[in-house]
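Could you use the hints to bring the two separately framed chains together as a complex?
Residue numbers (our numbering), protein chains in the order written: chain A, 1 to 292; chain B, 1 to 320.
To be clear, the hints were calculated from the coordinates, so they are not data collected in a lab. Since we're looking at a predicted model, the values are computed, not measured. Backbone N, C-alpha and C define an ideal beta-carbon position, used for all residues, glycine too. Errors might be hidden in some of the hints.
As the list claims (entries may be wrong) - Over 12 Å on every C-beta distance to chain A, these chain B residues come out as not near it, computed from the model: (1) N12; (2) A66; (3) S231; (4) L233; (5) L257; (6) E303.
Unchecked claim - In silico lysine-lysine, BS3-like type, Cα no more than 25 Å apart, as pairs: (7) A:K153 to B:K148; (8) A:K258 to B:K298; (9) B:K298 to A:K190; (10) A:K48 to A:K258; (11) A:K191 to B:K148.
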Amino acid sequence: MQLKNLFSKSKKKYATIPVETAKKDIPEGIMTKCPDCKKIMFTNELDKNLKICLHCGYHFQMNAFERLESLLDDMATFEELDRDLSSGNPLKFPGYEEKLKADQQKTKLSEAIVTGIGSINGHQLVIAVMDSNFRMGSMGSVVGEKIKNAIEKADELSIPFLIFTASGGARMQEGVISLMQMAKTSAALKKFSDHGGLTIIVMTHPTTGGVSASFASLGDFNFAEPGALIGFAGRRIIEQTIREKLPDDFQTAEFLLKHGQLDAVIHRKELKEKLGTILKLHSGGEKAWQLN
Amino acid sequence: MAVELEFEKPINNLRKKIEELKELTKDSDVDLTLEVQRLEERLKNLEDEVYKNLRPWDRVQIARHANRPTTLDYVSLLIDDFFELHGDRTFGDDEAIVGGIGFYRGIPVTVIGHQKGKDTKENIRRNFGMPHPEGYRKALRLMYQAEKFNRPIICFIDTKGAYPGKAAEERGQSEAIARNLFEMAGLTVPIICIVIGEGGSGGALALGVGNHIFMLENSTYSVISPEGAASILWKDASLAKKAAESMKITAQDLYQLGIIDGIIPEVKGGAHKDVELQAQLIDQQLAQSLQELLYLSKDELVEHRYEKYSKIGSFSFLNV
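Isolated chain B, as found in the complex (with noise of 0.2 Å):
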């Protein structure tokens, strides 16, 4: 593995110790299967330790981890007859959201996610993730398609925000967003959100307005991206850390405010250490809901979503 985490270090110490122990043994008399053995043990329980106890800041470090699964990893696995589907049919093709339609357990869905790359030359075409407002306007299309055909929507959501660039603004990236949020609250579908990655502020929202929302448990959900709440704060981009702790901008945060509907619990260490367990652990959680969702007529579905969003928000009075 190419990217060691800061927290990972001690495991990573102490499993390359086991493996020298190991090497050892093969080449000596001497005995060390018991020592081994017990090493073993006090890995497993580090492990549990390190994993169990992640501060906010190393969820964003696994959320962002180079090998973490994307979109289009876990259509592969969910998704049966996959057909992409391409363009806004205006301006052009924006590959940082892929979208498309196939089987879920036999059920024709409209799958629509942010998708990263694999390496820089991938993450160029797909400009790491982060949509010009062409990908919106792609994403819109497929779910007002969906709409027609009455298919569900499955969103997953994984960028670190829209692009802020020249050409984005231009071309009115804020309408594009603020337009998918209110056609997404009147779609009368079933739409599940799934944040499997970061979600980066509106970027992210503007595949998020569903009846469902769910987060992988290492995943992060935020207004900014750390480092961008830390320059803004304190003018000081490298306190992101601290931003980060502050923020409550984890699964378990967003859950406790909330905000999401359930936490998709993640393989130990990350969802990139057993990418086919990880979509087995969301298959389970999308089944759940979308046989919920599936009871509910068009306007009740609505009505659902409608009665979510307004819910949330928190204020008190003045006594006057």
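Isolated chain A (complex conformation) (with noise of 0.2 Å):
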């Protein structure tokens, strides 16, 4: 044995792998294990508490229709938009139509957004939301025409228009497609604010890409989360570019507030409340002015 062996780390010999009967002790999704306190707690307890960690106050991601039902004031009067648009493979793409599928499947979702007219304290709007566990929440052609869509439908109604972000960015499968769907919202966002609209947004875990580069940084008030990841470039990216180490909290909701870019952090319990009460604020219409 060569001198040099003796202080270097000895070499695993085998790998371990899990035994598939002892996993199985508790089944399957009746606890959740907090990512950020590590703590354990039962599922539906984290659901009743709107998916925030009972201890530490983590936000877990909501899908779609779990936001909705947290907000809207009745689900049954929820009325949903372009429910059937499905993507093609504009760029025949090899596997995206199977990926796509299985997708749809997983979370029963046509797309990764859901759009539709609803009520929030008893203020119309339209509601968007984003749902990350369909292709991250990519936005290709179908997710970019359902928010066009959307805001064009506030803007016939008179009513605001409140989005939820969560999405990878560009959907890499549809291409230059993609990209191009940052600036079709962004147009319907200007025209729409052009007429006098009211566009809430609020920036969900995670919001990244050309999602946080178009549509989700344009809002009359830009809102987050707590704990969200924003940013448009990717941390790893960065680092290897700048050639330098980030601090922890980067691209947090709450670096993004401390650098201008957000009005406010709101947490999830208090969420309906404040939405309402921005709703409130613009319920007026033009010259709704008559002193108390």
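What follows is the structure, encoded as structure tokens:
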């Protein structure tokens, strides 16, 4: 044996394989572990708590319909728009259709966003919720089209537009067509804004890439949920480019607030009330001026 | 109260004496009620006399008082459902300026103001109410928003001035202030500005281009702090008191010069003696002012503001 080998870490000569049977002590899904504080809690208790960790307040991701149910006054009156719109494969990207099908089965959604008309605290509005369980919430033709249609609907009815963003960015499989959805959604918002429309954005974990660099940043009010990852370029790419270690809170909602990008960070439990306040403040229309 | 102002000394001395007398009557058989009554009468007269004849430098002291009510104090008393909004969407969130939306007497309004801290820790966070460019840019962003949704804007002014620092210059302090003057001139909603403490130079004016400008009775508004003026004019900052006397910085002076539209009376001894009452006094003026401006159209509002500032200035013509 050579002397240098004495100091090097000995390589493991075997790999551990978890025993399949041992894992099944607790049926899947009953317990959930918080990725932040690592504590374990009952999933149904977590769901009842709006998917906020009972111990540390970590905000778990909500899917589109969980979000709608947590906010809307009455799900029965929710009128979904473009429910049947689904993606083609414009670039004939290999394997894309299978992936879409698999995600459609997994999430029971036709695409990564749900849009529709509902009301919050009695204020009617168009609401859009992205769902990161579907292709990471990435924006392809359908996501862009549904957002554009939703904004146009809000414009037509002269009601506010509220969107919850959750997205990894552009959809790679749709290439440059995906990129152009950034311009398409932004143009729709510009037109709506010029007509005096109110747009409220709530960025949820994660909101990155082309989505953060288009409609997600263009609200009259830009809010975010605590701890949400928000940014343009990924942390790894930035670190490799500038060859520097980035701070832990880099690209969190709190980091963005400090750097002037957000109006406020709002805890999920206060969300409905605060959105209600903003809606109320804009419910008077032009010249609703009569001093009490 | 932690801070005793120079001119309040005789009042406080007399008050202390009355307290002592009261203590004394409690423990002894001597009846001093009459004496106490007489002294209390004298105290009232003394207070009236002192507070009626405040010198400019005295008012500077009141305007800078550590317990002087701040923007957020008045906001909490005057505005319902206040929702604070942060950030300039460009660089940072300057806590030396606060802004947000809420209801004033049932009308949605945008409120923006300089914000000083209540203690050292808060003062450091808020940079003692001295804004950086991002503070002015946040204010401007909220003003554009107010214009889009046709909300009147209420500005509370209370700053020693824009922060004279390296970072502030790098990010364009002058441009930020200038931009606000430029854009505020053209906003199509009513703008009402109230100086609630110190109105320090360009840093104050950047929130101060309004249809109506009011000052609290003991607030000041000047092109530079008395200390600054003294050191420029006489190379001695300790002559601030003398500078304060000659610079015409009090509400009364500015009213006479035609710069401001009115003086909001203060609670006896200064706004800090009774914040709620002070808020009511502001409320009266604000409601009246807003009522007037609500009758003006968008174009008239801009023209009204233009006329107001174009009239300010003093000159004579040479006989050639």
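Evaluated hints:
1. Every CB of chain A is more than 12 Å from the CB of N12 of chain B (nearest about 41 Å), matching its label as outside the interface.
2. Interface exclusion of A66 of chain B from chain A stands, the closest Cβ pair being 28 Å apart, more than 12 Å.
3. Remark: the non-interface label on S231 of chain B is consistent with the geometry, its nearest Cβ contact in chain A lying 34 Å away (cut-off 12 Å).
4. No beta-carbon of chain A is positioned within 12 Å of the beta-carbon of L233 of chain B; the least distance is around 38 Å.
5. The Cβ of L257 of chain B lies farther than 12 Å from every Cβ of chain A, with a closest approach of about 30 Å, so its non-interface assignment holds.
6. Every CB of chain A is more than 12 Å from the CB of E303 of chain B (nearest about 18 Å), matching its label as outside the interface.
7. A threshold of 25 Å between alpha carbons decides the hint, and for K153 of chain A with K148 of chain B the separation of about 20 Å falls inside it, so the pair holds.
8. Pair hint K258 of chain A plus K298 of chain B does not hold up; C-alpha atoms about 35 Å apart against a cutoff of 25 Å.
9. In summary, the hint linking K298 of chain B to K190 of chain A is supported, as the alpha carbons are separated by about 23 Å, within the 25 Å threshold.
10. Using a Cα cut-off of 25 Å, the hinted pair K48 of chain A and K258 of chain A is violated, with the two alpha carbons roughly 31 Å apart.
11. In summary, the hint linking K191 of chain A to K148 of chain B is supported, as the alpha carbons are separated by about 13 Å, within the 25 Å threshold.
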